[in-house]
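Engineer: Here's the letter readout for the chains.
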Amino acid sequence: MANIFPRWSNLLPLKIAVCAGATAAGVALAFAYYATPKAQVVGYQPAQPIPFSHKIHVDQVGLDCRYCHSFVDVTGHSNVPTGSTCWNCHQHVQRDSPKLAPLHKSMDVTYPGYDGKPIEWVRVHKAPDYVYFNHSAHVNRGISCQSCHGNVNKMEVIYQAESHSMGWCLDCHRAPEKNLRPLEEVYNFAYNAETFISNNPQLGVKTTEELGLKLKEQFMVNPKATCATCHR
Amino acid sequence: MSKRILHHPEVPAGETTVAWRSVGQLEDTADFRQWLDREFPQGAAEMANEEDAETSRRSFLKLMGASTALAGFGMAACRRPESYIVPYTKAPEWVIPGKATYYASAMPRAHGATPLVVTTFEGRPTKLAPNHLHPDSEGTDAFAQASVLDLYSPSRSRKILKGGNAAARADFEAALATIATDKSAKVGFLFGADDSPTRARLTQELATKFSSAKFYQYEALTGESSAVALGEGVKLVANFAKADRIVSLDCDFAGTDSQGPVTAFFDRRKPEGKSYEGKPDASKMNRLYSVEAAFTLTGGMADHRLRVSPSQVTAVAAQIARGLGVKAGVAIVSPELSDPKHVAWVNGLVDDLKANAGKSLVLAGSRQSLALHLLAHAINQSLGNIGEGKPLLAVQTGTKGLGNLAALKNDIDAKAVDTLIVLTPSNPLYDAPADLKFGESYAKLKTSIHFGTRTDATAHASTWHLPAAHYLESWSDARSASGTYTVVQPMILPLYKDCVSELELLLALLSNDGKLLNGEGEKGAASPAYTAVRATFSTLGGAGDTAWKKLLRDGFLAGSSYPIANPKLRGDLSAPIVATPPTKDSLEVIFATDSSIFDGRWIDNGWLQEAPDPISKLTWDNVALVAPSTAKELGIYDQIIQLETDFASRSPDDEAQNRTSPMIRLAVNGQTLEIPILVSFGQAENTIVIPLGYGQGFDKHDELKRGPKNESHVGLVGVNRGFNAYPLRTAATAYFATGAKVAPTTLRYSVALTQEHNAMYGRALAREVSTLGDEEKGSFAAQLANVPKQGNDSHAPPTVSLYQPKDRAGKPLLSDPLHQWGMSIDLSSCMGCNSCLVACQSENNIPIVGKRQVAMGREMHWIRMDRYFAAQKDNTFDEGNPEMVPQPVACVQCESAPCETVCPVNATIHTEDGLNAMAYNRCIGTRYCANNCPYKARRFNYFDYNKRNPLIAHNLYKGPFGEKQVGEAPHLQKNPNVTVRMRGVMEKCTYCVQRLKDSVIRQKQGQKQEALVAGKASTEMQVNVNTLRIPVDSVKTACQDACPAGAITFGNLLDEEKSALGRSKRIDRNYDLLNYIGTRPRTSYLARVKNPNPAMPDAKFVGKATIHMA
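Here the protein sequences come in this chain order: A and B.
For the first sequence, the numbering used here assigns the number 30 to the initial residue and increments by one for each residue that follows.
For the second sequence, the numbering used here assigns the number 659 to the initial residue and increments by one for each residue that follows.
No wet-lab data here; the hints were simulated from the structure.
One thing to keep in mind: the hints can contain errors.
[Stated by the list, open to error] Label pairs and their computed distance ranges (CB to CB):
| id | chain 1 | residue 1 | chain 2 | residue 2 | range |
| --- | --- | --- | --- | --- | --- |
| 1 | B | Lys1605 | A | Val71 | 49 to 55 Å |
| 2 | B | Met1640 | A | Glu185 | 23 to 29 Å |
| 3 | A | Asp200 | B | Glu1678 | 36 to 42 Å |
| 4 | B | Pro1470 | A | Asp200 | 19 to 25 Å |
| 5 | A | Asp200 | B | Met1640 | 25 to 31 Å |
[Claimed, not checked] Straight-line Cα separation of at most 20 Å, SDA-like style, residue types lysine to any residue; simulated pairs:
| id | chain 1 | residue 1 | chain 2 | residue 2 |
| --- | --- | --- | --- | --- |
| 6 | B | Lys999 | A | Cys118 |
| 7 | B | Lys1073 | B | Thr1121 |
| 8 | B | Lys748 | A | Lys245 |
| 9 | A | Lys155 | B | Arg1192 |
| 10 | B | Lys757 | B | Lys1674 |
| 11 | A | Lys245 | B | Lys1674 |
Backbone N, C-alpha and C define an ideal beta-carbon position, used for all residues, glycine too.
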């Protein structure tokens, strides 16, 4: 009886094994490379030079966003605090924490490795160069930090909470009522629309949506959805 | 399917105006036809037949499919690169990241400083705008606008040189200390012609310290006649608001020969008043008479223009003086004018001047002869035009006791000066009159220190060259035209550590040990120049901090001006008046000030080099210009036109990058020059205009193999550019020379002319009316009423749009209830000066593309400054004197935009507030939009001009192997609020959308402020249209802001009559460009008004230059 399997097929199992192994390795590598938070848009959470905790500063200490991001309501960029803003408190508080070494290096003239150079924070939220997003246009008109940056007050390490894709932007530009708040509540991470409605019966609104629509009409919020709104 | 071409209507029978852009169009060459028919010369291939179209579409889809599939294999976009946010450690005061800060400063210049407001981003100056608070504010010209680029110029001098080679700073400091410590040093100082009070004060101190110090002043193209006629340091400042009649005797006061703030002149070119507040009234307009040889910007604005050669201008002035009966002060030795037409012209002018004595103004060109200045001054005096409240004011400037270049040469030769410090912005070793042989004397100096921003000829001939700090890096002060004390503030520390300011150098010499302190000076301290300026100011404006802070905020000291002088006309001068008119064998050469590079100092400024000359539309070079009749007489006219051969399928110059012009050999003053020649309209016969300042250095790539020669004198922008005419010039013939001879040569030289680029078809593109009525056109009122009906706008049926201006939900597309933007451009006050074009370039990150690309029609300027010539067929007065009509055209933001409907990717769409927006990141570069734009207002990035330097030979064509320029200094100038476009992207004007968005967002912030002030809960707050609409006329586009003539009005159409824009849209002169094709543009034009004098022989040919292009 002739051989069913020709001679060349002797090596076939080995070949299959090698290929399968290579594929598996490739998948594993790709998973490690693409599926970790570093490669994500939502959930991007790089390590920062100082493991700064928004949770401690906002939730426990009770700092307002604008203590550090001081120009968020006057300019397009929301600034990252200068070294001296941190040093204001930390020359007194937690001064000797080893986590603050980079701050000492940049601010503390008595520190052995002092060089006066700024801290290089790793950028988390990045709009492409051709997008001209303006923070002040949003926070002054009733859009909270929380709507785009998520519950920053709960974040031990900052990460990106929303996709910030163009479709995501347009969702809100087409229906801003879902996110509008009274101007006083923009920086309040504990804001709850239902509580606000029940505390302010004089507004005559019952649901969150009604509140949003009322604010939209009252503030004359009419977001544009054409290209030049963000691209120029 | 072949391309459907819209056929514009024929020019009506009986139209007497002939209009053209270029000599090629006048002769109807095939080359011009091509420019007119195609949006892009040859690149954008049209599909010849159906078969072609099918194949192309299929292969296009195939290629696109393949490239999309391949894109998936790339890894680059999968993982985001780590980027960093680097905050300040200690925030500088007033700096808010992302927000511009504005400072008042000034650009020192010979005719008076230009007051500026500088935009800075995080300490980086990016944009200059005029300081409208300043009493001498007159907009900004192209030079001022482009000067910010010099700060970042890669070819800027940044190292100390000794004998042309890099030297150590310590060595220079030692040399400087030797001079500073030797109180008997025979040191000379050569200043520029600008006037700085602190420098004048330090000059006094220097004179005290150095007993044998001598002081001089030199700028190549600042004439001396006026100072001789009036006395030292005395100058006349024109107040155009008071002048009803203006006579320009070869004086380009609106262009390169400023005589005082010029904005008031242009305000009075508008019959409705400056911001269109009144009814049209011809009597409120001024009238300009111009006597000149070749068109200047001023001549283009003239109501009556007489073209005579420069030597004959004096004869015309003498005739005017005789007509007015002027006797005092000047012996008129000139024969009567021989041409009866000229006599009639002068007689009409004389009568008008007599009728307007005390309200008229006679200006003589500052580089013209002494005789002309004496005559002009005598005429002004006899008419009572000089004095307080009069159109002319004589003032005493602070530049007294300064010798001229000839005196300096004598002193060097006589060994009275052995050490010279050259501080002038001119370049005496290159631009001094040839017969002075200044270079020979200069070589005799023991020590010469050249101070400048460029390593030019003088820098190389000097013992030492010290790099100068830019005025945006220095503390100084200056006087504006009428003498208002104006501060020059630094915006940034010198970019390069060895750059020193003029005052810092003088202060080093004044110090005991000669120590040179620049920039911050000693650590933590301010520059010593700051202390010096403050000390000067305290004597003028008081010592305290309040006055000083006000000065820094406003930029000037209110109420400070030059003391009034009472110049006596010097009767001892009887200047000879030469009056032999030029002939074909004895031509007259005019050494013109170049409108791109001035005297040559801006040869390394790419924006200026690429800005087309306002008259000749030439970029990157200089050429000799002659009248068409002279060209014919010389036998070179046909060579210039060179009609295309019948059998060539393509133009012989390919995509026009090889277009050449013939060269001539010009002999004058015993020197010869080979230079290309072009035809210029409206120029006096038998004159040749040669702009100065070019030909400073050549390398091995030079087209005529002139290099390498003086290669190190210029940077990449200035190398191999043009022809140097300075050697032809002598001290006696500094402005014009007679007796020139021209011989043809066989050489040709490539020229990058933009006059035919993006040529538009259409009827009544630029419209003109006259205040003088005639039988055919009717009265002034009738002509005004007829403006919107010119061309075929009266009888063309209204174009009905098939598209509904509503979206699917029934909401109007132009739905913004707060802002609807619009613009109007007043052709009555636009002179075509390029200021807007350069301002736009600086605001919108527009790259330069280099000479070769310009020749191919790829210049990127968003504003195209069209310049038309228009002649009357029946002009019996002077048929060779057409009118010049400039018309700036940028995207007109059509409401029914033809470009939007053809974009396959929706990259250009309409915004709710009426802009035709461009999303660069969406554009895939099909160029369909540009092909469909009837205004040809779109520009395409054929190459990555921003990334790869277009000035390096062949660099653009090397693709990824080309040399990059990313990270070089010029990138610091970029406006962070505008995308820097890449290759393959279409771009165009968007009404400075970044400024509009910024102002609207700032207005929105006000809502929050109001809530805070009111103390009420935001839910109880009332927000209305007024809360969110920006204040009337509060936002300006870059072009509008820069315009010295106030020709551009921009605003919110919803402000209606409250805004200047709303008013301008409602006057009769308002018309839409190409109205009959139904694009509904947001930019409209206001017809040009000429105000001729009925008594003039040429009056009936004026004011009829309505431009039809067919």
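Engineer: Compare the distance between the alpha carbons of lysine 999 of chain B and cysteine 118 of chain A with 20 Å, and conclude whether the hinted pair is satisfied.
Structural biologist: violated (87 Å)
Engineer: Tell me if the beta carbons of aspartate 200 of chain A and methionine 1640 of chain B are separated by a distance inside 25 to 31 Å.
Structural biologist: Distance hint for aspartate 200 of chain A, methionine 1640 of chain B holds at roughly 29 Å.
Engineer: Between lysine 1073 of chain B and threonine 1121 of chain B, is the straight-line Cα distance small enough, at 20 Å or below?
Structural biologist: It holds: about 17 Å lies between the C-alpha atoms, which stays within 20 Å.
Engineer: For the hint 36 to 42 Å, verify it against the beta carbon of aspartate 200 of chain A and that of glutamate 1678 of chain B.
Structural biologist: violated (29 Å)
Engineer: Under the criterion that the straight-line Cα-Cα distance not exceed 20 Å, is the pair lysine 748 of chain B, lysine 245 of chain A satisfied?
Structural biologist: The hint is violated at about 39 Å.
Engineer: Between methionine 1640 of chain B and glutamate 185 of chain A, does the C-beta distance stay in 23 to 29 Å?
Structural biologist: violated (40 Å)
Engineer: If you draw a straight line from the CA of lysine 155 of chain A to the CA of arginine 1192 of chain B, is it 20 Å or shorter?
Structural biologist: Answer violated: lysine 155 of chain A to arginine 1192 of chain B is near 45 Å, above 20 Å.
Engineer: Do lysine 1605 of chain B and valine 71 of chain A keep their Cβ atoms within the hinted range of 49 to 55 Å?
Structural biologist: Violated, since lysine 1605 of chain B and valine 71 of chain A (Cβ atoms, about 32 Å apart) do not stay within the stated range.
Engineer: For lysine 245 of chain A and lysine 1674 of chain B, compute the direct alpha-carbon distance and say whether it is at most 20 Å.
Structural biologist: Holds, at about 18 Å.
Engineer: Proline 1470 of chain B and aspartate 200 of chain A, beta-carbon distance inside 19 to 25 Å?
Structural biologist: 23 Å Cβ-Cβ, so the 19 to 25 Å window holds.
Engineer: With a cut-off of 20 Å on the C-alpha distance, tell me whether lysine 757 of chain B and lysine 1674 of chain B pass.
Structural biologist: Answer violated: lysine 757 of chain B to lysine 1674 of chain B is near 29 Å, above 20 Å.
Hints 1, 2, 3, 6, 8, 9 and 10 from the earlier list are contradicted by this structure; the remaining hints agree with it.
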